[in-house]
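Construct all of the structure, not just a fragment, from the sequences and the given hints.
Protein chains in written order, with the numbering used here: chain A, 9 to 162; chain R, 9 to 162; chain Z, 5 to 101; chain V, 5 to 101.
Bear in mind the hints are in silico, worked out from the structure with no lab data behind them. Any given hint could turn out to be false.
Heads up, simulated BS3-like pairs for lysine-lysine below, C-alpha to C-alpha not over 27 Å straight-line [said to hold, decoys possible]:
| # | chain 1 | residue 1 | chain 2 | residue 2 |
| --- | --- | --- | --- | --- |
| 1 | V | Lys81 | V | Lys55 |
| 2 | Z | Lys81 | R | Lys148 |
| 3 | V | Lys81 | A | Lys148 |
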Amino acid sequence: MTPLIRIQHEDFSLQDEIDALSAGRADIGAVVSFAGLCRDENGTLAGLELEHYPGMAEAEIGRVAAEAAARWPLMGLVAIHRYGLIRPGDQIVLVLAASAHRRAAFEAADFMMDYLKTRAPFWKREHRIDGTLGGWVEAKGEDDDAAQRWEQAP
Amino acid sequence: MTPLIRIQHEDFSLQDEIDALSAGRADIGAVVSFAGLCRDENGTLAGLELEHYPGMAEAEIGRVAAEAAARWPLMGLVAIHRYGLIRPGDQIVLVLAASAHRRAAFEAADFMMDYLKTRAPFWKREHRIDGTLGGWVEAKGEDDDAAQRWEQAP
Amino acid sequence: MSTAAAIAAAGTRPVRIVYFAWVRERVGLPEETLDIPADLATVADLVRWLKARGEGYQTAFANEAVVRAALDHVHAKPSAQLGHAREIAFFPPMTGG
Amino acid sequence: MSTAAAIAAAGTRPVRIVYFAWVRERVGLPEETLDIPADLATVADLVRWLKARGEGYQTAFANEAVVRAALDHVHAKPSAQLGHAREIAFFPPMTGG
Numbered sequence: 009m010t011p012l013i014r015i016q017h018e019d020f021s022l023q024d025e026i027d028a029l030s031a032g033r034a035d036i037g038a039v040v041s042f043a044g045l046c047r048d049e050n051g052t053l054a055g056l057e058l059e060h061y062p063g064m065a066e067a068e069i070g071r072v073a074a075e076a077a078a079r080w081p082l083m084g085l086v087a088i089h090r091y092g093l094i095r096p097g098d099q100i101v102l103v104l105a106a107s108a109h110r111r112a113a114f115e116a117a118d119f120m121m122d123y124l125k126t127r128a129p130f131w132k133r134e135h136r137i138d139g140t141l142g143g144w145v146e147a148k149g150e151d152d153d154a155a156q157r158w159e160q161a162p
Numbered sequence: 009m010t011p012l013i014r015i016q017h018e019d020f021s022l023q024d025e026i027d028a029l030s031a032g033r034a035d036i037g038a039v040v041s042f043a044g045l046c047r048d049e050n051g052t053l054a055g056l057e058l059e060h061y062p063g064m065a066e067a068e069i070g071r072v073a074a075e076a077a078a079r080w081p082l083m084g085l086v087a088i089h090r091y092g093l094i095r096p097g098d099q100i101v102l103v104l105a106a107s108a109h110r111r112a113a114f115e116a117a118d119f120m121m122d123y124l125k126t127r128a129p130f131w132k133r134e135h136r137i138d139g140t141l142g143g144w145v146e147a148k149g150e151d152d153d154a155a156q157r158w159e160q161a162p
Numbered sequence: 005m006s007t008a009a010a011i012a013a014a015g016t017r018p019v020r021i022v023y024f025a026w027v028r029e030r031v032g033l034p035e036e037t038l039d040i041p042a043d044l045a046t047v048a049d050l051v052r053w054l055k056a057r058g059e060g061y062q063t064a065f066a067n068e069a070v071v072r073a074a075l076d077h078v079h080a081k082p083s084a085q086l087g088h089a090r091e092i093a094f095f096p097p098m099t100g101g
Numbered sequence: 005m006s007t008a009a010a011i012a013a014a015g016t017r018p019v020r021i022v023y024f025a026w027v028r029e030r031v032g033l034p035e036e037t038l039d040i041p042a043d044l045a046t047v048a049d050l051v052r053w054l055k056a057r058g059e060g061y062q063t064a065f066a067n068e069a070v071v072r073a074a075l076d077h078v079h080a081k082p083s084a085q086l087g088h089a090r091e092i093a094f095f096p097p098m099t100g101g
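Written out as C-alpha cells, the structure reads:
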C-alpha cells in the first residue's frame with residue numbers, strides 16, 4: 009500500500025479519490041474520509057491564504073502516512089492539502105483511509121488529521137473582505153493534545 | 009439541522025453530498041464521511057442483494073440520526089443506504105457528518121455507522137458468480153460490541 | 005363498553021405481519037394480515053401463537069432468541085406489549101451498513 | 005585530516021536557511037545562504053548566532069520557544085545537532101489541516 013500524497017492549489021473530488029482507490033479491486037470494505045473546509049467565523053473573511061514549505065510538506069505528510077500504514081491494516085491512504093488562497097466554504101484538506109473494516113479506517117483517518125494539524129508545514133493567514141490582511145492563524149493547544157492521544161505508552 | 013436520509017437503489021456521490029451540505033454557508037469546518045463498499049472476500053461473489061424494510065429503514069435511521077444530532081453540535085448529517093443488487097467494489101452506504109470542528113464530525117460519523125449496522129433493517133445475501141444463491145450474511149457480535157461503546161453510563 | 009373491552013369481547017383483532025430475509029423464506033410469505041387473539045399480550049405471546057400455525061412458522065422461530073421484532077417500525081423486545089400495533093415485523097439480526 | 009576537521013579548520017560552512025509565515029516576514033526574506041561558523045553545534049546555537057545579525061532576526065526569534073525548526077525537511081528541536089544539514093528552516097507552529 010503506497011500512500012498517495014498531493015500538495016496542490018487545485019480543488020479535489022472525494023468521489024474521484026475513492027473511485028481511484030477502489031478501482032479494479034473488491035477487498036476494501038470501508039473508506040473514511042475527512043474534508044476540512046475554510047470557515048468564516050465572523051462573516052469578515054475573504055479567504056485564507058495557505059503558505060507551505062514545498063518539499064517538506066510532502067515529506068512530512070509522507071512520514072505521518074507511513075506511521076498510519078504501520079499501525080493499521082490499510083488498503084489505501086490519500087492525503088491532499090491545498091495551498092494558496094482558499095475561499096470560505098471551499099475545501100482545504102482531504103484525508104481518506106481505506107481498509108477491509110471500518111474501525112481501522114476511522115482510526116487511521118482520525119490519526120492522520122491529528123498529526124497533519126501539528127506536523128504538516130502549512131500556515132494560514134486571513135484576508136478580510138475589507139481588503140486588509142488579517143493576522144496569521146494561531147496554533148491551538150488542543151491540536152497538540154489531540155495528537156498526543158496517539159502516543160503509545162513506552 | 010435536519011438530517012438527510014435516503015434509501016435508494018441508485019449509487020451516490022460523496023462530493024455531491026458534501027457540496028450540497030456546504031452550499032451557501034461557511035460555518036462548516038469539518039466533514040467526516042464513511043463509505044461502505046461491497047467486499048468480495050473469496051473472489052466468488054457476483055454481488056450482494058440487500059433486502060430492507062421500507063418505512064422502518066427511514067424511520068430507524070432517522071432515530072439514530074436524531075440521537076447523533078442531540079449528542080454532537082452538527083451542522084449537517086447525511087445517511088444514504090442502497091438496496092437491491094450491489095456489485096463487488098460498489099458503494100453500499102454513506103454517512104456524512106459536518107461540524108465546525110473535526111472531533112464532533114468524527115465521533116458522530118463513527119456513532120452513526122455503529123448504530124446503522126445493528127439497528128437499520130437491512131439484510132445482505134450473497135449471489136455467487138457460479139449463479140447459485142449464497143446464504144444470508146450473518147450478523148457479527150463485534151457490531152453489537154461496537155454499538156455498545158456509545159451507551160452512556162446510567 | 006370501552007374500545008379495549010369491545011376488542012376483548014370480539015376475541016380477535018386484525019394485524020398486518022411482515023417478514024424479512026430468512027424469516028420470510030421460512031414462513032413462506034412476505035406479509036399477511038391475521039386476526040390475532042385480542043388477549044395476546046406480548047411479542048413472545050404472538051410468536052408462540054404463530055408457531056402453532058404450522059411448520060414454516062416453527063422453522064422460522066425455531067430459535068426465538070435470534071428473531072427480532074418491530075412494532076409499527078420500532079424495534080421491540082420479546083417482552084414488549086403488542087398494544088395497538090397495526091404492523092408487526094419479524095426478521096433476522098440486521099446486516100446492513 | 006578528516007573532512008570534519010577540514011571544515012572546522014576552514015571556520016565556516018555554507019547552509020541554506022529558509023523562513024516561513026511570520027518568521028519570514030520578521031526576518032524580511034524567504035531564504036538566504038549563509039556561511040555559518042562550523043562550530044555551531046545545535047539549532048539553538050544557530051538561533052543565537054542569527055539573532056546577533058540584526059533586528060529582524062531578533063524580532064523573529066524574540067520568543068525562541070515558539071519558533072520551530074527543521075533540518076533537511078525533518079522537524080528538529082532546539083537541542084538537535086545541526087550535523088551536516090544543508091537546508092535549515094524556521095517557522096511558527098503549523099496551522100494547516
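Hey, Lys81/Z versus Lys148/R, does the alpha-carbon distance stay inside 27 Å?
-> holds (19 Å)
Holds or violated: Lys81/V to Lys148/A, with C-alpha atoms at most 27 Å apart | holds (19 Å)
Straight-line Cα separation of Lys81/V and Lys55/V no greater than 27 Å?
-> OK: Lys81/V and Lys55/V at ~18 Å, within 27 Å.
No hint from the list above goes unmet by this structure.
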